[in-house]
Each structure stands twice: as structure tokens, then as C-alpha cells.
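S.K.: The letter at position 266 of the sequence shown is residue 420 when you use the working numbering, and the numbering goes up by one with no holes.
Honestly, the hints are just simulated from the structure, not real lab data.
Here the structure is a predicted model, which means the values were calculated and not measured.
Please note that a few of the clues may not be correct.
[Stated by the list, open to error] Here are the simulated DSS-like pairs of lysine-lysine, each with C-alpha atoms no more than 30 angstroms apart in a straight line:
1. Lys423 <-> Lys191
2. Lys423 <-> Lys378
3. Lys198 <-> Lys440
4. Lys191 <-> Lys378
5. Lys463 <-> Lys515
6. Lys503 <-> Lys423
7. Lys423 <-> Lys198
8. Lys198 <-> Lys225
9. Lys465 <-> Lys506
10. Lys251 <-> Lys378
11. Lys341 <-> Lys521
12. Lys352 <-> Lys378
[As the list claims (entries may be wrong)] Label pairs and their computed distance ranges (CB to CB):
13. Asn434 <-> Leu181: 27 to 35 angstroms
14. Glu419 <-> Asp249: 51 to 59 angstroms
15. Lys310 <-> Ser178: 25 to 33 angstroms
16. Gln215 <-> Asp249: 55 to 63 angstroms
Even glycine gets a Cβ: it sits at the ideal position worked out from N, Cα and C.
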Amino acid sequence: MEFVNTMDYHRNNPDISLSDYYRSLRLELASSISAKKKIYLDTKFWILLRNGAMDPINCNQEYYMLQLALKLVESGTCIFPISEDVFLEVIRQTDEKTLLNTVRLIDLLSQGVSILSYEERVQFELMHFWYSHLNQETYLPQEMVWTKLSYTMGFKSFIHAEISDSENLIIQKAFTDQMWSISLTEKIEMMLSNGAFKDLPEPPTAENINEGQFAHSHEASSFKQMFMNEVAGWVDVNNDMLCELMEHTYSCTTGLPVPENRTNEEREKTSQGMRAMVYNIFRLNKMGLYLPSARIISGLHAAVRWDKKQKFQDHDLHDFRHASAAIPYFDHFFTEKRLTHLVTQNQLKFDKMFECQVCSKESQAIKVLKSLS
């Protein structure tokens, strides 16, 4: 791993906060990839390409698809960023050789780029929605949703209690530069050496969701009502984030901190108003392309609940979040057959809404890659 020493630079630029500095890195990254077609591979396709790399004779179609992808990256035409859900699924490979081959491939095709974590995207989407409706200047989504592979699970920093705030800031920004430069392979090798993957938690299961599907199936008499029930659930789950957004807006517009003596009842009243506003804008079909994660996650849950022949599957949590990452921000989405059907069905048509081409067959993916060459 190459050591990146930017301590002197940050010592000479003490007025830039950590959040402002991280934002500037993301804006610069977004600008550098703005002209490239962005292709989202779900974990299925990363594994197919890895098989092509490891066994080109027996996996000749996968190898051909890999060669097309590599040429598109080398020419600067395309890029294949990952998401936290790709990362979480990839690291569950128990064979170290196949794991490392997969992450090396990710380094090559992603060019070190990841989309923000789900929670960070939701936070940004809420702020973008809110500031846009207040007619305040805000960044475009494509300017703010990209980061480097080290931060695919979210941005984290640290504070050392024994040194000054100013020195902490220098170290924090210099450490961010170091993490910005390392590859996923280097990160995974460090984690393997520390035994980080030995006791991974069990992946989520769909059992409880399926029980709820039948328990509440009578509550909706139309798909729109089912969708709105899911929107209400999404808004409730993100209640704390909505509260933080309102408090942040208050501080920014007044220049004052949120009163410390604010009661829980007052805080709940504020968030209730925000929840109702989001819900009603969806109900009136006035949301447009704002809050894409809310729309896609709610829509996919509603689609499965509405179809009495369907049940939630264990991998749906990751798959639905693959869709929420890919469809609003990427040009192409290569994924599973079931998810392709869900996102393109007449009730949702997310591919048309967000202008993202979705396919599930290797032959279709190859056709797309050839068309971009």
C-alpha cells in the first residue's frame, strides 16, 4: 500500500472542515466520471465475470463479457461502481482465492468508485428534496452520490482525545486522503489478516416479512393503497433522519442552534408534519423523481405484497437496495430475472421512469456492452 502524506497540506489549510473536505473530494470524483456510462452489476454478474476471469475455457461467454467490460473501462467509455450491498454479499465468499479474485476485478472495473451507502443516499435525497422545494441552492444528485471503495459502507472518521482539535482535524483529513487512495484488494487483505470475516452475522431472512404480508393483506384494496402503506412505513423507519433534517434546516436558516430545552413532544410534532408532507406528495403523484430510494423500496415491497403468488425471499433486502442504488443513478442495471421483472412491470416501470436499462440475461448484457463499444 502506497503511503499518502498530506499532513503539511492540511496543516496549511486549517479552515476547511472535515465534512467540507470530504464533499470536495466527492465533487471532484463526480466531475471526473460525469461523461462515462455507469453500469451497475449486482452480485450475480460480478460472480459471472469472476468465473470468466478464473476459468476462461469453461466459462467462455463470461470471459467474453469480461473482455468487453475491460475494453470499455480502458477506453474511458464506462465505469462499473459498486454499492455497499455488493460489498456485503461479496465478502460472504468463504474461499479466500475466489474472494480476492472478485475484489481485484471490482478494483479494475469500478476504477475505485462506489455509490454512497444506502443511509447516506437517503439522507442526501431527503435534503435535496427539501432544499429544492424551499428554492434553495443544492447539489445535483449525480454530483454527490459517488465516493471511493473504502467508504462504500459509509464515511467514518475518529477523534483522538489526547491531542488538540486542530491537530485532530489535520490527521482526519490526511487519513481520508489515505483511505481515498487505497484499493479494495488492499482493504480486504488487511481485513483477512485481522480475521474480520470469521464471525460475520447471519444474513437477514424473509420469514418475518412473509408473516406480515398475510397478516396485513386485507388493508389495501388497490395497488396504489398498498404502495402508500409502504411509503408510510418507509417514512416511519426514517423518522429520526427527518427530525435531523428539520433541525439542520432550522439552524441553517436562522443561524441559531436548536433549543436544548425542546421537548420530545415538540420534536415529534415537527417530524409528524414532515412525514405527512412526504406521504401526501406521493399520494398526489407530485413527487416526480425526488426521493428515489423511498419510491423504489416502497414500490418493490408493494409489488411483492400485492401479488398473492409471490413471497419475499431471503435475498430481497439486498436486491431491493441494489435496485434503489442502480436505477436512479446508473445508465444500465444487470441483475436477477425476478428483480428485472419486478422493476419493469406495468405497476412500477422504474426503468422507464429513471431511464435505466435493466436486463438479466448474459446475452442481453453482452449486447448492451457491444452497443457501447
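S.K.: Does each hint hold? Answer for all of them.
M.R.: We went through each hint and held it up to the structure:
1. Our distance criterion of 30 angstroms between C-alpha atoms is broken by Lys423 and Lys191, whose separation comes to about 44 angstroms.
2. For the proposed pair Lys423 and Lys378, the alpha carbon gap of about 27 angstroms is at most 30 angstroms, so the pair holds.
3. Our distance criterion of 30 angstroms between C-alpha atoms is broken by Lys198 and Lys440, whose separation comes to about 35 angstroms.
4. With a C-alpha separation of about 33 angstroms, the suggested pair Lys191 and Lys378 falls outside the 30 angstroms cut-off, and the hint is violated.
5. Of the supplied pair hints, the one linking Lys463 and Lys515 holds, its CA atoms being roughly 24 angstroms apart against a limit of 30 angstroms.
6. Taken as a hint, the Lys503 and Lys423 pair is broken in the structure, with Cα atoms around 35 angstroms apart against an allowance of 30 angstroms.
7. Only pairs whose Cα atoms come within 30 angstroms are accepted, and Lys423 paired with Lys198 is rejected, the gap being roughly 44 angstroms.
8. Distance hint between Lys198 and Lys225 is fulfilled; the C-alpha atoms sit about 21 angstroms from each other, no more than 30 angstroms.
9. In summary, the hint linking Lys465 to Lys506 is supported, as the alpha carbons are separated by about 25 angstroms, within the 30 angstroms threshold.
10. For the suggested pair Lys251 and Lys378, the alpha carbons sit about 47 angstroms apart, so the restraint of at most 30 angstroms is broken.
11. Restraint check: the Cα-Cα separation between Lys341 and Lys521 comes to about 33 angstroms, which exceeds 30 angstroms; the hinted pair is violated.
12. Restraint check: the Cα-Cα separation between Lys352 and Lys378 comes to about 44 angstroms, which exceeds 30 angstroms; the hinted pair is violated.
13. Against the hinted window of 27 to 35 angstroms, the Cβ-Cβ separation of Asn434 and Leu181 comes to about 33 angstroms, which satisfies the hint.
14. In this structure the hint that Glu419 and Asp249 lie 51 to 59 angstroms apart at CB holds, the actual value being about 54 angstroms.
15. Taken as a hint, the range 25 to 33 angstroms is violated for the pair Lys310 and Ser178, whose Cβ atoms sit roughly 18 angstroms apart.
16. For the pair Gln215 and Asp249, the beta carbons lie near 22 angstroms from each other, so the given range of 55 to 63 angstroms is not met.
Checked against the numbered hints given earlier, the structure breaks hints 1, 3, 4, 6, 7, 10, 11, 12, 15, 16 and satisfies all the rest.
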